[in-house]
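Undergrad: Respectively, the protein sequence lines represent chains A and B. The first sequence begins at 1 in full-length UniProt numbering and counts up one residue at a time. The second sequence begins at 1 in full-length UniProt numbering and counts up one residue at a time.
These are calculated hints, taken from the structure and not from any lab test. Backbone N, C-alpha and C define an ideal beta-carbon position, used for all residues, glycine too. Any given hint could turn out to be false.
Going by beta-carbon spacing under 10 Å, a handful of chain A positions derived as facing chain B [what the hints assert, rightly or not]:
#, residue
1, Leu22
2, Pro110
3, Arg184
Across the chosen pairs, the derived CB separations fall in these ranges [stated by the list, open to error]:
#, chain 1, residue 1, chain 2, residue 2, range
4, B, Arg326, A, Ser27, 28 to 34 Å
5, B, Met236, A, Arg118, 30 to 36 Å
6, B, Glu416, A, Asp49, 51 to 57 Å
7, B, Ala409, A, Asp187, 45 to 51 Å
8, B, Ala409, A, Ser27, 56 to 62 Å
9, A, Gln223, B, Ile258, 55 to 61 Å
10, B, Glu224, A, Arg118, 49 to 55 Å
11, A, Val179, B, Asp324, 49 to 55 Å
12, B, Arg321, A, Ser27, 38 to 44 Å
13, A, Ile239, B, Ala352, 49 to 55 Å
14, A, Gln223, B, Gln382, 34 to 40 Å
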Amino acid sequence: MPDTAPIRLLLVDDEPGLREPLAEYLSRQGFAVTQAASAAEARSILRDDVPDLVLLDIMMPGEDGLSLCRHLSEARAIPTILLTAKGEAMDRIIGLEIGADDYVVKPFEPRELVARIRSVLRRAAKGAAAPVEDELFEFEGWQLDPLKRRLTSPEGALVSISSVEFRLLMAFLEHPRQVLDRDRLLDMVQGREAHLFDRAVDNQVSRLRRKIEVDSRNPTMIQTVWGGGYMLAADVRRIKAPA
Amino acid sequence: MKPDHPFLARLWPRSLQGQLLLGIALAVLLAQGISAALLWRAQVERREAALIHTAAIRIVTASREAAEEQIERRRPGSRLLAAARQLRIERLDASPLRPGDVREHEAEEELAEILTNQGMEITSAVVVHRPLGDDPRLAGKLARQAAMMGEHGRPQPDHLLVAAVEQKAGGWLLVRVPVPKGDPAIMASFIGQTLLLFALLVGAIALIVGRITRPLAALTRRLERFAATRTADGQMQPEGPDDIRRLIVAHNAMEGRIAALLDEKDVMLGAIGHDLKTPLAALRVRIESVEDEGERAKMAATIEDIVRSLDDILSLARVGRPSDPREPTELSALVANIAEEFEDMGEPVSFAPSERIVVPLRTTWLRRALRNLVSNALRYGQSARITLTRENGFAVIRVEDDGPGIPDADLERMLEPFTRGDPSRNSVTGGAGLGLTLARAIAEQHGGSLRLANRQSAGGVSGLIATLMLPLG
Numbered sequence: 001m002p003d004t005a006p007i008r009l010l011l012v013d014d015e016p017g018l019r020e021p022l023a024e025y026l027s028r029q030g031f032a033v034t035q036a037a038s039a040a041e042a043r044s045i046l047r048d049d050v051p052d053l054v055l056l057d058i059m060m061p062g063e064d065g066l067s068l069c070r071h072l073s074e075a076r077a078i079p080t081i082l083l084t085a086k087g088e089a090m091d092r093i094i095g096l097e098i099g100a101d102d103y104v105v106k107p108f109e110p111r112e113l114v115a116r117i118r119s120v121l122r123r124a125a126k127g128a129a130a131p132v133e134d135e136l137f138e139f140e141g142w143q144l145d146p147l148k149r150r151l152t153s154p155e156g157a158l159v160s161i162s163s164v165e166f167r168l169l170m171a172f173l174e175h176p177r178q179v180l181d182r183d184r185l186l187d188m189v190q191g192r193e194a195h196l197f198d199r200a201v202d203n204q205v206s207r208l209r210r211k212i213e214v215d216s217r218n219p220t221m222i223q224t225v226w227g228g229g230y231m232l233a234a235d236v237r238r239i240k241a242p243a
Numbered sequence: 001m002k003p004d005h006p007f008l009a010r011l012w013p014r015s016l017q018g019q020l021l022l023g024i025a026l027a028v029l030l031a032q033g034i035s036a037a038l039l040w041r042a043q044v045e046r047r048e049a050a051l052i053h054t055a056a057i058r059i060v061t062a063s064r065e066a067a068e069e070q071i072e073r074r075r076p077g078s079r080l081l082a083a084a085r086q087l088r089i090e091r092l093d094a095s096p097l098r099p100g101d102v103r104e105h106e107a108e109e110e111l112a113e114i115l116t117n118q119g120m121e122i123t124s125a126v127v128v129h130r131p132l133g134d135d136p137r138l139a140g141k142l143a144r145q146a147a148m149m150g151e152h153g154r155p156q157p158d159h160l161l162v163a164a165v166e167q168k169a170g171g172w173l174l175v176r177v178p179v180p181k182g183d184p185a186i187m188a189s190f191i192g193q194t195l196l197l198f199a200l201l202v203g204a205i206a207l208i209v210g211r212i213t214r215p216l217a218a219l220t221r222r223l224e225r226f227a228a229t230r231t232a233d234g235q236m237q238p239e240g241p242d243d244i245r246r247l248i249v250a251h252n253a254m255e256g257r258i259a260a261l262l263d264e265k266d267v268m269l270g271a272i273g274h275d276l277k278t279p280l281a282a283l284r285v286r287i288e289s290v291e292d293e294g295e296r297a298k299m300a301a302t303i304e305d306i307v308r309s310l311d312d313i314l315s316l317a318r319v320g321r322p323s324d325p326r327e328p329t330e331l332s333a334l335v336a337n338i339a340e341e342f343e344d345m346g347e348p349v350s351f352a353p354s355e356r357i358v359v360p361l362r363t364t365w366l367r368r369a370l371r372n373l374v375s376n377a378l379r380y381g382q383s384a385r386i387t388l389t390r391e392n393g394f395a396v397i398r399v400e401d402d403g404p405g406i407p408d409a410d411l412e413r414m415l416e417p418f419t420r421g422d423p424s425r426n427s428v429t430g431g432a433g434l435g436l437t438l439a440r441a442i443a444e445q446h447g448g449s450l451r452l453a454n455r456q457s458a459g460g461v462s463g464l465i466a467t468l469m470l471p472l473g
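So that you can see chain B by itself, here it is in the shape it has in the complex:
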């Protein structure tokens, strides 16, 4: 489930650990978001309820004080008190609703319920929010308070809750309660909590997942190495959770078995090689007593063919599991060396001088591949031209001949074991038809490739080009 969008695809983690972490992080983030929203709403509701209660208490108090008002008026300083009281409560004859006011129906019901419970008889309740500027006196008082408290005071309210009730006895009672601003510290601590929880969760999960994926990654590297070397050396110690441990143990056992089978194969091939070559050597000595020189030469050639086929088969069986390490090797000297070998046998093989290219190689194997390519060119094309160039991080060896080439449809098949170009020529040319297969296997052993292509010229196919590519690094 990889996103199609290229940008998302780039961000999408590829590893098990990355995907698990991303998934869990997103889930935790979502859960935290929901809980934050719920908590925020609860806080808002709690504040609203507190405001309504404040308003209700003032209204109840005011209605009870109404009875005592007559006495109050006679006292000195009563005018000041009345002014102060008016800040808290106001008596009106008509509904305080103005056009544009948005009534808070839930709050109104709650207010009505509280007042009724307190024994007040009301016919309707109105609750609205109004900006602070709506009441200059209250605003002025709050500003003075804030100045006295300095910056440490509670945050300045920015609007008022205006609650009014119509008494059954007639007339409205109205109270104003300043609504404090939402406290940013609360929000900040909430975000801090969320982040801390998030970090703890994701960190803990990263540790656990790491414990699983680290041995998995090590096992993957081990598998890759085994695929390349095919030896059981340097096996992993079981680690991580039990499941992974068991996987590693099982893998080690399998590796051991594969390596043992391969060892067995090598021993068997060695034995076959030895057991066949010794009698062949005896035969080769015995034919020296054959008087007829022509006959003797034919016998010797036959033995040579058998030996060559045997060598090819044995090499092919061993090519995937070389015992010798790669060494940095000067490739142009090696190719020159092969060309000179053929030159010394009187074969028309040329090698154009080339720059020096150093490549990590198993020289005995690469010599074999080159010899096979050149022999093949000589067999079907009568002459061979070798070039060596450096192209895009590869050393490229091309062996060209002037033969009839190979039908395009058969080019791939030529690299398969036991395939030869022209079936009618088998008996003359000999060999098991493994030369090209082996050359390709050797190229692949070095991380390279072998391709065959027909050389096209004006008159059609004018020869075959075998291209052997070896990575430089």
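Okay, chain A solo, but in the shape it has when bound:
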């Protein structure tokens, strides 16, 4: 984002060995970085100043990152990316449930982090799809929990979908029985995997079909519209998530 004020980041990590070089790297990338060594310090900085985005380490002595993250998302609506040393067990669950916008697993590739920062800010700027709490989408017996990113089949089985497929499905569920052309889908779905996605909208649609259609060669739910794009041919209900 050239010719504007630099994006301001707050980097919260108790480990100076990581925090300092990372702050240095991000500064070189054109960000204005403030550092905090603990959640308490971060809170005191946040009292005077609202950054554009917070990078937050989870494992910190004292108040941990998750608790601060909850505070940030509930009270301040500041976009947050979690830095975590934990791996797969965290997958899709924690960060998204407690309101973080994204997370990276240490040791992350710094460029990847920069790409995520830009992607999260882009989505935040669009005011995009912060999922409404406690709401599930139901269609043809299927259920999608946007918060946990869990898709369950009519038989109640968990169906794995990638994050691109998740956003694609969200786009369809928010516009049922409407024709969505490829550009529109691309626009709605663009996230951190944008570089993967724009290569092949069609490919992603066929992957999604493979997971939710009874016969992916004769799709009934996600239909191809000639010359147009795709359409979800199902009624969508929003239901309250069970506690």
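Following the hints, position chain B against chain A.
TA: Chain B in isolation, oriented as in the chain A frame:
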């Protein structure tokens, strides 16, 4: 000590309670049988003795009456009396023994002894049993008696005890005593008693044994659960007899210690993971300032290798004690997901469309296993083909490659930790060699298995097949 015979083996109880009960029941049955036989014999002997006494009294009476007989004869009606007396006693000149008679020697001695004690002088005694039909008159009298008494009378005698003595003075005295049938009511009450005693004993023992075996069975279930979950939640309350109580207390203590050790291990591993990954993350950031792009890429690759090994080691250490529950999961979507991940990285991985199979899974673990199998296929076989089928209660995932395979002798060893196929390639391929070990451990965590096999074709081995089997239920 299990019987070899298949039929007996089927009846043989397997549980402690069953075997104890069977043993005790058999012992009680045997003891009851012996005592029943003894009692029966005693009863028979008592009856026999009573008959002999009856016979003896009649003989003694008869010999004493002999003196008065002269007077008797003069009285009126004496003929009738004589006939009646003849029913009870008969005088003979010769031995009443007939061919085919079986003499009861013990009874004869007893009879002789009683008579001698009564002052009678006899030279020999004969006791035999004869059928009732042998004496039509007596039989007729008994039949009339029975008719008068109706059905409530004593059971009809079926034979006679015939006792005869030869008097020193010459001549034989013979008496007939009807032998009453063995009373079936006595036998029935005896069997009833036996059964009642048997039921009481076995019932009481079943209660006692149950008190012992119930907590034992609960402890066994608890052990099985602990082996599967390895958490000390839901421990048993001590119950049952003191010995069992102490066993349960000791077991709970041991479980607690094991769980504490495992918890400690998890905390330690978490700390190791965190403490190593943070400096690695710092290093990863710092190498961004390296000018030479080629050098920087190599450094990044090295860090990635370290991280991957670290992840594998940490996962392997935790695989036996997963913290997440299993959830019914659509396996074909999950496999497709993994195949697509590799596709997106430009790797030649294919997944043939398959039917939908729902299996209870821990998805993060299973993804890891599949990724490892596919990476392994790509590393040694350049391409990977995945299939998913349903076979005999299992979901079967096969990952095939077109590589050189593995010498048959090394197939098993490949699943052991820190083993890699071709030692010369270690430096290029990296990794700690835990991929397959971890995949197998994850399969086992789900109650399944992982097997490796070479794919044979006309020209010899044409690739490796990794078969991951997961139980459907």
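Undergrad: For each hint, tell me whether it holds in the structure or not.
TA: Now the hints, each set against the structure:
{"no.": "1", "hint": "Leu22", "in the structure": "holds, 5 Å"}
{"no.": "2", "hint": "Pro110", "in the structure": "holds, 5 Å"}
{"no.": "3", "hint": "Arg184", "in the structure": "violated, 23 Å"}
{"no.": "4", "hint": "Arg326(B) to Ser27(A): 28 to 34 Å", "in the structure": "violated, 46 Å"}
{"no.": "5", "hint": "Met236(B) to Arg118(A): 30 to 36 Å", "in the structure": "violated, 57 Å"}
{"no.": "6", "hint": "Glu416(B) to Asp49(A): 51 to 57 Å", "in the structure": "holds, 56 Å"}
{"no.": "7", "hint": "Ala409(B) to Asp187(A): 45 to 51 Å", "in the structure": "violated, 58 Å"}
{"no.": "8", "hint": "Ala409(B) to Ser27(A): 56 to 62 Å", "in the structure": "holds, 58 Å"}
{"no.": "9", "hint": "Gln223(A) to Ile258(B): 55 to 61 Å", "in the structure": "holds, 56 Å"}
{"no.": "10", "hint": "Glu224(B) to Arg118(A): 49 to 55 Å", "in the structure": "holds, 53 Å"}
{"no.": "11", "hint": "Val179(A) to Asp324(B): 49 to 55 Å", "in the structure": "violated, 40 Å"}
{"no.": "12", "hint": "Arg321(B) to Ser27(A): 38 to 44 Å", "in the structure": "holds, 43 Å"}
{"no.": "13", "hint": "Ile239(A) to Ala352(B): 49 to 55 Å", "in the structure": "violated, 36 Å"}
{"no.": "14", "hint": "Gln223(A) to Gln382(B): 34 to 40 Å", "in the structure": "holds, 38 Å"}
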